[in-house]
Amino acid sequence: GAGVSQSPSNKVTEKGKDVELRCDPISGHTALYWYRQSLGQGLEFLIYFQGNSAPDKSGLPSDRFSAERTGGSVSTLTIQRTQQEDSAVYLCASSLALNSGAYEQYFGPGTRLTVT
Amino acid sequence: GNSVTQMEGPVTLSEEAFLTINCTYTATGYPSLFWYVQYPGEGLQLLLKATKADDKGSNKGFEATYRKETTSFHLEKGSVQVSDSAVYFCALSDLTGGGNKLTFGTGTQLKVEL
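As given, the protein sequences belong to chains A and B, one line each in that order.
Heads up: the first sequence begins at 1 in the working numbering, then just goes up one per residue.
Heads up: the second sequence begins at 117 in the working numbering, then just goes up one per residue.
To be clear, the hints were calculated from the coordinates, so they are not data collected in a lab.
Hints are all accurate, no fakes.
What follows is a list of derived Cβ distance ranges for each label pair: (1) A:73 <-> B:130: 40 to 50 angstroms; (2) A:71 <-> B:195: 41 to 51 angstroms; (3) A:76 <-> B:130: 43 to 53 angstroms.
Every residue, glycine too, gets a C-beta built ideally from N, C-alpha and C.
Generate coordinates for the entire structure from the input sequences, incorporating the hints supplied.
Right, dumping it as structure tokens:
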């Protein structure tokens, strides 16, 4: 079946602009995660959605970052007023529900964001 | 909080050499442990996992054993191939604090040469 897909694959934006990154999880996966992979910080958790529960936003680095998940499926990560330090690869992952015991997260190919 | 420490890279080996990549962790609860691999130009893929103490995860000739007493999950392979060249990430998932977010190590780059 189809894996996790992300768009765009690459995004170049000017400092100060807003960007939206999209993630389509694997069908039937109720949990969705965003991570960031950067040279200086490695792989960092950003935000997590599980079904209809309130998202875990504990990893968002600033209030310029937000994410939503519509209809329990597609998710959009928005970065407002981008800064150069936001340049990174943004990874999305999805998994089955927690209490199923299936902890494996499947990752998308990522969106490479470059802020100039 | 949770953290994962893995050996610095890059690690350069000759084909058919034995591989060990060390990984230790700190967790507030009882975590599940994972090794993810990122091949050049590709996304992260789960390589193997273990969910309780003394479990051994294995895949593609790689193995790692969940050692609670030493809080370790070292990755091993008896005979590496050029195709194993990639970046390897050790990670943990701890449900104690709620959620299933992964905490990653910094990654170890492996280069296998002929």
